[in-house]
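Using the sequences and the accompanying hints, generate a full structural model.
In case you want the letters, here they are:
Protein chains: 2
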Amino acid sequence: MPIAAVQLRTLRLRSSYIEISNLLRGRSVAWPRQCYSPVQAPRQFHARACLRQEEPPKQLPAFLEAYKRAVDFPPATHDFETFFAQAEANTEVVLHGYLGNRADLSKKLSFVRLSDPTLQQSLQVVAFAKNDAFEQLKTINANSPVAVRGTVQKKKKTKPSEGDNTPAQDQWELALEEIHPLNDFPKEIIMTAETVFPPEQRYLQLRSDAELRKALRFRARAHNLCKKELEQCRPPFVEIETPLLFKSTPEGAREFIVPTRREGLAYALPQSPQQYKQILMASGLPRYYQFARCFRDEDLRADRQPEFTQLDMEMSFATGDDVMRTVEGVIRRLWSSLMKDPAPEGPFRKVSYQEVMAKYGSDKPDTRYGMEIIRLDHVLPVDLVSKISGLTNPVVEAFKLEGNDNDPAETHKFITQFLDSPAGAPFNDNPDGGPGVFIYNGKQPLCGLQPFGFEAAEQVEELLDPDHGDLIILQARPRAPFSGGSTPVGDLRRALHAASVTAGFKPAPTGFDFLWVVGFPLFSPTSDSEPGQGGAAGFSSTHHPFTAPKTPADVDLLLTDPTKAVADHYDLVVNGVELGGGSRRIHDAAVQEFIFRDILKMPAERLADFSHLLDALRSGCPPHAGLALGFDRLVAVMLGKESVRDVIAFPKTGKGGDDAMVGAPSLMTEEALKTYHLKLRQ
Amino acid sequence: MPIAAVQLRTLRLRSSYIEISNLLRGRSVAWPRQCYSPVQAPRQFHARACLRQEEPPKQLPAFLEAYKRAVDFPPATHDFETFFAQAEANTEVVLHGYLGNRADLSKKLSFVRLSDPTLQQSLQVVAFAKNDAFEQLKTINANSPVAVRGTVQKKKKTKPSEGDNTPAQDQWELALEEIHPLNDFPKEIIMTAETVFPPEQRYLQLRSDAELRKALRFRARAHNLCKKELEQCRPPFVEIETPLLFKSTPEGAREFIVPTRREGLAYALPQSPQQYKQILMASGLPRYYQFARCFRDEDLRADRQPEFTQLDMEMSFATGDDVMRTVEGVIRRLWSSLMKDPAPEGPFRKVSYQEVMAKYGSDKPDTRYGMEIIRLDHVLPVDLVSKISGLTNPVVEAFKLEGNDNDPAETHKFITQFLDSPAGAPFNDNPDGGPGVFIYNGKQPLCGLQPFGFEAAEQVEELLDPDHGDLIILQARPRAPFSGGSTPVGDLRRALHAASVTAGFKPAPTGFDFLWVVGFPLFSPTSDSEPGQGGAAGFSSTHHPFTAPKTPADVDLLLTDPTKAVADHYDLVVNGVELGGGSRRIHDAAVQEFIFRDILKMPAERLADFSHLLDALRSGCPPHAGLALGFDRLVAVMLGKESVRDVIAFPKTGKGGDDAMVGAPSLMTEEALKTYHLKLRQ
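As you go down the protein sequences, you meet chains A and B in turn.
By the count of this note's numbering, the first sequence reaches residue 690 at its end, each step adding exactly one.
By the count of this note's numbering, the second sequence reaches residue 690 at its end, each step adding exactly one.
By construction, these hints were calculated from the structure, which means they are not laboratory data.
These numbers were taken from a predicted model, which means no experiment stands behind them.
Virtual Cβ for every residue (Gly too), placed ideally from N, Cα, C.
Each hint should be verified, as a subset may be incorrect.
Some chain B residues close to chain A (C-beta under 7 Å, calculated; not the full set) [what the hints assert, rightly or not]: (1) 71; (2) 151; (3) 272; (4) 400; (5) 401; (6) 620; (7) 624; (8) 680.
Quick look at the structure:
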């Protein structure tokens, strides 16, 4: 229907403007006649549709007329890159982009910059009071999207020194002929490069924050490089998608469930494609990879997301060494292509779990700043030990933090501030005893090590080689084998180092120190926070129940003392961050079944959940090994970001895994619950 | 612990063989002592672990000893490709792979082929009775994975005609020196290239079916080519991942929900990344794409999966034409790189929904085989119409199927068989009247068109131009505008054509005929099977509520007769398959809100579910348009597969969306229900 006809029609209906009858079908279409009042999520709405509450409309609603104009815009003749490469004076071009802030130089002359749609380049637009566009420009808010028609002209050199080296975007400008506003950017939104928007307005953060958008482009490039590296292997890795509507199995972490319309039945979202990829190894597809979305319904610690992406891979006829070599290739390709310095040549060094736990008190240590931990309990006098811990016969460990300026007073100030800060609280409150703090001071008797007694002090000096003003920290723990990810002294080392960097006491470490942490225990004591495999053994698989014992001797230990068995598991660690982990898998059904039933003592019905895997292994599955790199974390590390949120377009932000922007999770409706035969427990 | 020590220990414990005490921790490790009896999913288990039920073990269980040997195998010196490229006589190599069937030529000589781990190449292995390997080979089942050490030797030419053109894998053989069995392939599994395994044993299907594995590799190549094409655009498309833990919103299809531990709150799995990608357009990221997993809790029709992959894309400052041009680039790249013939040059033709529904009775027609439909009701005598339909004043449509051999008897046989078959039943049972069937026969009065009467018969002849033996089909339907995906006469055309190909009556059509179907109605009557947007308007968005009206006149129609408005939506169709669809979106918050509230009459609380999108549009979002290609289907079409299951590693197979292999979905445990504050409705 032509516009005129519609206008006639609406005029005819003016007296009953609330409803325009749809005569043909007996339906009616309501005019926008009330302001939007959301029920669940109160937000401010300022739709133009709401402005017409009082007076009857004289014609088509203005917002629909504006919309019709906004969608009728000329196509761009160039993207900016092509434009700058081909610009020619006195030609006419159409460009799309966002307006900058307008500068009115006189009543007849305005300047405004036009940013390209990617917000990476911009061009000066000059408006002269010779056409309608000059006045129209003044009605358009900064940051609004526009289509602009103009004549290309060489920009006048403002400084005589400017030569041919002027970047292209400063060599040209556009004399404005025509401008099409495509939407309004609200005046009330203040947007600068520094503005921090609440997570609800992630789009404004993305829009204003060039670094955030750059991180997403960087991530895409990293993704492509990983692909390239894996696909050039011989035989090549093949990207294969595996299902996300999987089944609940006791792999280790808590899974999200997805109820179905078949009463009582649910899918589970996979915590990783582990079982499917192992089944691929039994399927004659020897090299698999996938950028896989994974899900864990964990309490959101530090920097974890309930959904995350991993670069997941598996190789058959392979050992852990084959996998580590392949992953090193991926890391080297990434670093040499995207980073300032390439990753180190040669295999990354392998360090055992026992060694990193002893030396750094962490299974993912930052190895760049020394502060190595040593055992001291064999040299300490009993009364000193009893002062720092109430434990009987504890292990006592120590490390040294080098003092700044050799000034014990400065060191004293630093450590006091740390221990009095919230960061220090958990260490003071350690039930096994707080840290023992000593400042090495040449001007004091026994250099401030008096409580050690002469003999022990001498040993400490030999072991730690302290300088005047250095800090020596002692920490006790119960005498037990290492388990878990860190020791209190390791946490203290990390926290104190971080504080010393923040305080300017030490320089921030630079570079990347990659290492493989190997030799983890195959099983760990069951803890409340990790459900494990739900077996009755009192311990669970440290990583997952498919991990192979490392050596024949570890196979033997399964029968005698499984908790002593070492796993063929390897974690890739850099700068205190675990980039990923993997293992050689148990490829033999009988051994896998033995682990499930006789070692982990899983009940028969949970064991049955794994029958597909056992069946696949039993069908002549070759030996295999694999690994998964946490891709969000890898990109964050490459970009030096503290949080994975800075490399994810739409991260979950709340503690409960909220997507604050869309308002997820949201209330289940009664209808949805009914559909899935569910109701809420009272 | 060294092996000897363990053996000693187990010997010592022989008398109480059931349990080996773990003295250190007071725990005990049970021997495998009972056959596995699964509770939920009874399956046949034949683990070696079960063989030891009766007699006490004399030493370490054999399966653990075998396992220790199986994991101790030499690394391959070559992959097969490199081996064939570099093979040199009298060198020693280690290769990994799968054994073929052994042929014992004499007591001193055996042959066996070794397939590489990818099962794409193989090499002849010769075993002489000069070493242990000869006897060991005889103990290993065909299809078992092995590591083989041998000496390379030039194969003797069996035919004098064989020259240098012999493929590499027939030029060389390996004299067996050493063989390591890595696992057993069970003898009882019969595996040939033709074996069809049940879906529970997908790994065996993948393992035995070279075409299936090839389809997965082809899929990965297609994925890469799509990436390449989109990333070479200027500005380039950037792959950005969007969340899968999203929120329930009334977009159109039924969503899966994912309960959280916060009582009553749930995520929803996205039916597509539609809202996130539109928000990206408001975020200064003008060109997005993603291989996105999508979820729809639909009744599994024909060839749908509850989870599927789409190549999802969106462009800002763009129109539908920009998107269509881009997608044509992707299709051309795919076809020219992977297919026998390239896709046609020039833009694919655009045909309106009204036209394809009239001509082919389908919104995704196969346009390769004619059989175009024509309207006949204006020429038919009333009594004929009343014979084929009980409807008052129906629309009557007709098409022609060319007869084979110009033999009316053959045609008669064909159509009778079809209508008597299960495929014909729905057409016979059409409440609006079954098909009217006429065979054009020059030997009969009025050529068999007597019921038409002289005048109508003449018109029919003019309109359909039938030949002797051709079939003419009439079908009535109620007089109403087209809606939905097909008409009965269109379904009949498709079914009859398929049957005629199956019967050898017509040749199978070849080639690819791409077209864009455009001009869909913006809204369609609400149906029971599609929940739509839950509005009170009596109609729903045909595709989704974000689709823009096509022209300014269609914007006007929103106020007068929205059901007449045409959408700026476009479907890419080839050979009767919808490869994907997209649209220009409403980029203006006021218009979008107007559609939600005043056109669709969505209740306020459902409208509030979209507030994030409205807020993003309101922040100066530029015009944008996009599309999603069904990637599973695209690959299936390229490979000429009937079902997407043939291009998915682990498809859902059952009607209820079952993954028969892993047994998903499975029963929710009481514990899981409790965790999510849920219980089953009685």
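Sort out which numbered hints this structure fails and list those numbers smallest first.
-> As far as the earlier hints go, 4, 5 are violated by this structure, in ascending order.
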